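Residue numbers (numbering that gives the first Met the number 0), protein chains in the order written: chain A, 0 to 164; chain B, 0 to 651.
Read the hints as simulated data drawn from the structure, not as lab findings. Source: prediction; values computed, not measured. Heads up, none of these hints are tricks.
For the chain A half of the interface with chain B, some residues (derived, Cβ under 7 Å), not all of them:
id : residue
1  : K20
2  : W28
3  : A34
4  : Q44
5  : P54
6  : C55
7  : D60
8  : S67
9  : G71
10 : K83
11 : V89
12 : S123
Every residue, glycine too, gets a C-beta built ideally from N, C-alpha and C.
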Amino acid sequence: MNKKRDMMISETGTQREKEIKIIGFLCNWCSYGGADTAGVCRFKQPTDLRIIRIPCTGRMDPLFVVKSLIYGADGVLVSGCHPKDCHYAVGNLYARRRMELLKRFLPFIGIDTNRFRYTWVSASEGQLWQQVVTEFSEEIHRLGPNAGLNEKMDAETALSLFNTK
Amino acid sequence: MRIGVFICKCGTNIANTVDTEAVARKALEYPDVVYATDYMYTCSEPGQEEIREAIIKNRLQGVVVAACTPHMHEPTFRRAVEKAGLNRYMFEQANIREHVSWVNKDRESNTIKAMDLVHMAVEKLRLNQPLFSSKVPINKRVLVIGGGIAGIQAAMDCSDGGLDVVMVERETTIGGKMAKLDKTFPTIDCSSCILGPKMVDISQKENISLHAYSEIESVSGYIGNFEVKIRKKATYVDWNACTGCGECTQKCPSKKTYDKFNEGLGSTTAINIPFPQAIPKRARINAESCLYLTKGKCKKCEKVCPADAIRFDMEDEIITEDVGAIVVATGYDMFDYSVYGEYGGGRYPDVITSLQYERILSASGPYGGHIVRPSDGKEPRNIVFLSCVGSRDASVGRPYCSGVCCMYIAKQAIITRDHLPDCNCYVSYMDIRSPGKNYDEFIRRAQEEYGINYIRGRVGKIYPKDDRLIVQGVDTLMGVQMDIEADLVVLATGLEASEGARELAEKLRISYDQYGWYMESHPKLRPVETNTAGVYLAGVCQGPKDIPASVAQGSAAAAKVQILFSRDTIETDPQVALVNERVCISCGKCIEVCPFGAIQWKTLRDGSQKAEVLPTVCQGCGLCNATCPPKAVQLQHCTDDQILAEVNAVCE
Numbered sequence: 000m001n002k003k004r005d006m007m008i009s010e011t012g013t014q015r016e017k018e019i020k021i022i023g024f025l026c027n028w029c030s031y032g033g034a035d036t037a038g039v040c041r042f043k044q045p046t047d048l049r050i051i052r053i054p055c056t057g058r059m060d061p062l063f064v065v066k067s068l069i070y071g072a073d074g075v076l077v078s079g080c081h082p083k084d085c086h087y088a089v090g091n092l093y094a095r096r097r098m099e100l101l102k103r104f105l106p107f108i109g110i111d112t113n114r115f116r117y118t119w120v121s122a123s124e125g126q127l128w129q130q131v132v133t134e135f136s137e138e139i140h141r142l143g144p145n146a147g148l149n150e151k152m153d154a155e156t157a158l159s160l161f162n163t164k
Numbered sequence: 000m001r002i003g004v005f006i007c008k009c010g011t012n013i014a015n016t017v018d019t020e021a022v023a024r025k026a027l028e029y030p031d032v033v034y035a036t037d038y039m040y041t042c043s044e045p046g047q048e049e050i051r052e053a054i055i056k057n058r059l060q061g062v063v064v065a066a067c068t069p070h071m072h073e074p075t076f077r078r079a080v081e082k083a084g085l086n087r088y089m090f091e092q093a094n095i096r097e098h099v100s101w102v103n104k105d106r107e108s109n110t111i112k113a114m115d116l117v118h119m120a121v122e123k124l125r126l127n128q129p130l131f132s133s134k135v136p137i138n139k140r141v142l143v144i145g146g147g148i149a150g151i152q153a154a155m156d157c158s159d160g161g162l163d164v165v166m167v168e169r170e171t172t173i174g175g176k177m178a179k180l181d182k183t184f185p186t187i188d189c190s191s192c193i194l195g196p197k198m199v200d201i202s203q204k205e206n207i208s209l210h211a212y213s214e215i216e217s218v219s220g221y222i223g224n225f226e227v228k229i230r231k232k233a234t235y236v237d238w239n240a241c242t243g244c245g246e247c248t249q250k251c252p253s254k255k256t257y258d259k260f261n262e263g264l265g266s267t268t269a270i271n272i273p274f275p276q277a278i279p280k281r282a283r284i285n286a287e288s289c290l291y292l293t294k295g296k297c298k299k300c301e302k303v304c305p306a307d308a309i310r311f312d313m314e315d316e317i318i319t320e321d322v323g324a325i326v327v328a329t330g331y332d333m334f335d336y337s338v339y340g341e342y343g344g345g346r347y348p349d350v351i352t353s354l355q356y357e358r359i360l361s362a363s364g365p366y367g368g369h370i371v372r373p374s375d376g377k378e379p380r381n382i383v384f385l386s387c388v389g390s391r392d393a394s395v396g397r398p399y400c401s402g403v404c405c406m407y408i409a410k411q412a413i414i415t416r417d418h419l420p421d422c423n424c425y426v427s428y429m430d431i432r433s434p435g436k437n438y439d440e441f442i443r444r445a446q447e448e449y450g451i452n453y454i455r456g457r458v459g460k461i462y463p464k465d466d467r468l469i470v471q472g473v474d475t476l477m478g479v480q481m482d483i484e485a486d487l488v489v490l491a492t493g494l495e496a497s498e499g500a501r502e503l504a505e506k507l508r509i510s511y512d513q514y515g516w517y518m519e520s521h522p523k524l525r526p527v528e529t530n531t532a533g534v535y536l537a538g539v540c541q542g543p544k545d546i547p548a549s550v551a552q553g554s555a556a557a558a559k560v561q562i563l564f565s566r567d568t569i570e571t572d573p574q575v576a577l578v579n580e581r582v583c584i585s586c587g588k589c590i591e592v593c594p595f596g597a598i599q600w601k602t603l604r605d606g607s608q609k610a611e612v613l614p615t616v617c618q619g620c621g622l623c624n625a626t627c628p629p630k631a632v633q634l635q636h637c638t639d640d641q642i643l644a645e646v647n648a649v650c651e
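Isolated chain A (complex conformation) (with noise of 0.2 Å):
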């Protein structure tokens, strides 16, 4: 699952720690811009994020989440407009219902739900993006690689996936 990474880090040359990896599905009208304002404003960020942008968070599938966890991604972050500052209206108030029945569903298939968050960011606030990517990268950092599905996992660890807030 690894091996374009490892590939890639022994074309550059040198040794490092592996990196995680992050897939964020963005909204273009608030947070992708909220990304890009963090940019132009040089706010810093950890690296693991890979950001895909999709026009609403409406458009969310929840299965986009799940098949990115089970290919090999170590977190998901989905971020959209703020409830009723939709560009389309509502699609984000879809999404955060899709979304929050999706997080009690992890568990179900032996998915830490930690290693998935959605959270709200306007264009104008590149700010709050910086401090949502570096927090979100620092969990899934704790979390460390996300083992996808083929992990055996005992009894304890299972039920502990539904402790989780």
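Based on the hints, put chain B in the right spot on chain A.
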């Protein structure tokens, strides 16, 4: 597919922290990539030329550019690939500047991240299909929200250009804050003399319909075709009959009504016309203080009205206007001076706001233009002006400079010295900010010609002593404590976002910042556009600015509307949803969720019903795509397969 990849160095912006050459080399390993290179400035004319040449020479069918954010140059590059004969949607942009090189300095990590982003773009591009726009007609009417100077300017410029204009104003009269001012800096022009004729023009233009005392209820639709619902609030006076004679205001017995136009100095009657030059000059009954509407007895105004215009049973009315573009010019409110408890604003009658002082100076104000104290009507001998009350102070949540206070303090002090040559004026300031044509000269005149005392420092406390006020603070240039016995203290209150600005932004689907100022599309290059196509900004609603800048922005917004309306049709974005009829199970969920009503039933020849997307109505949000159980609806250019291809590229 034959794909070409172009990595932009953006001078040193990207190249400093990303090894663009390595990224280009790596790109050649990705599937279908037959050409990859890096270039100094890909967006430049020679850079675009290189893309065009490479497309032709290598028979490319799709292009990836890794550069800045697509919000910046996606249209540029789409045009470039189109010029070389490709469909403009056979292009993807990877953002390796705002999201990579500018947010971390680790060259190695950045390079790996840039490679990943390029890989994702390539995988997405492999599934792109050529798309073609369709055309919809534009409704060439414009809505202007707000009748202050910025809105008036925008409305006049649109009207002069032959457009139909709908103007909505929250108060009973247009004119906004400028109508309350006595004079304007730096020329000491009489404010109502330069604004008045423009207000009259608005009322007399045949192609401007003015809805005063009205607010925006809801906005639907999109650029070229908005549908706006407007709430015409009940005035209890039939404005078609009312002549504005003012007979009713003479006879109204409820004389203790808050005088909003005069900023609460003095009081007014329940039925009221705000000021003599009001446009439209029509009376309104304040339902909260009207004796008949609160206690059921009086009806004096009805008896004296010669036009029989009083309607006590009037209710709010909702009307609908169809427009093609919207100019937002909703202005600002003044900072609440009571937040600074140590200044005593609201507790001491002789501590007033700058806008209240403006009303005192005005000949149409409560004291007829005589400078007197609100408490006892005496002429002041010492006046202290305090700058930055609610500006440049993070502790009250207003870290920004309001931009106009330094100038209006100088103006008010100069007028004061003109009216009362024996009155001493003191200005307590943090810094003097006077960038602008003839602005600094104006401040110098205030100091040198008019002998106004400028004291650098901060006032800590204001307290009453006998019938005067002691202003206590520090003079930081002299390094001494400052105690001034003042008769009147004017707080230069800062500007803040207009009440209800956030709610209006949500209706218009435009962004605002943490203070409620509306966000422009680009801080430098698109200062009057918003991120919602067809909605433009003018005046202080976008951020603090003075009258010349507001007028300039009003004209700029009008110019943008004229540009939009110079065509008869608008090209729609073809990145819309599409139904695969063979997969559709006719559940109707997409029809239910679509916020725009863009999906409808279609009857096939065999009588079965399937969902159908109206491409000109669809806005491309993809909500239907995420909702569709069998995934029959796919958002073109952002299909499930494409998103998962990007996911795969990261995880591979």
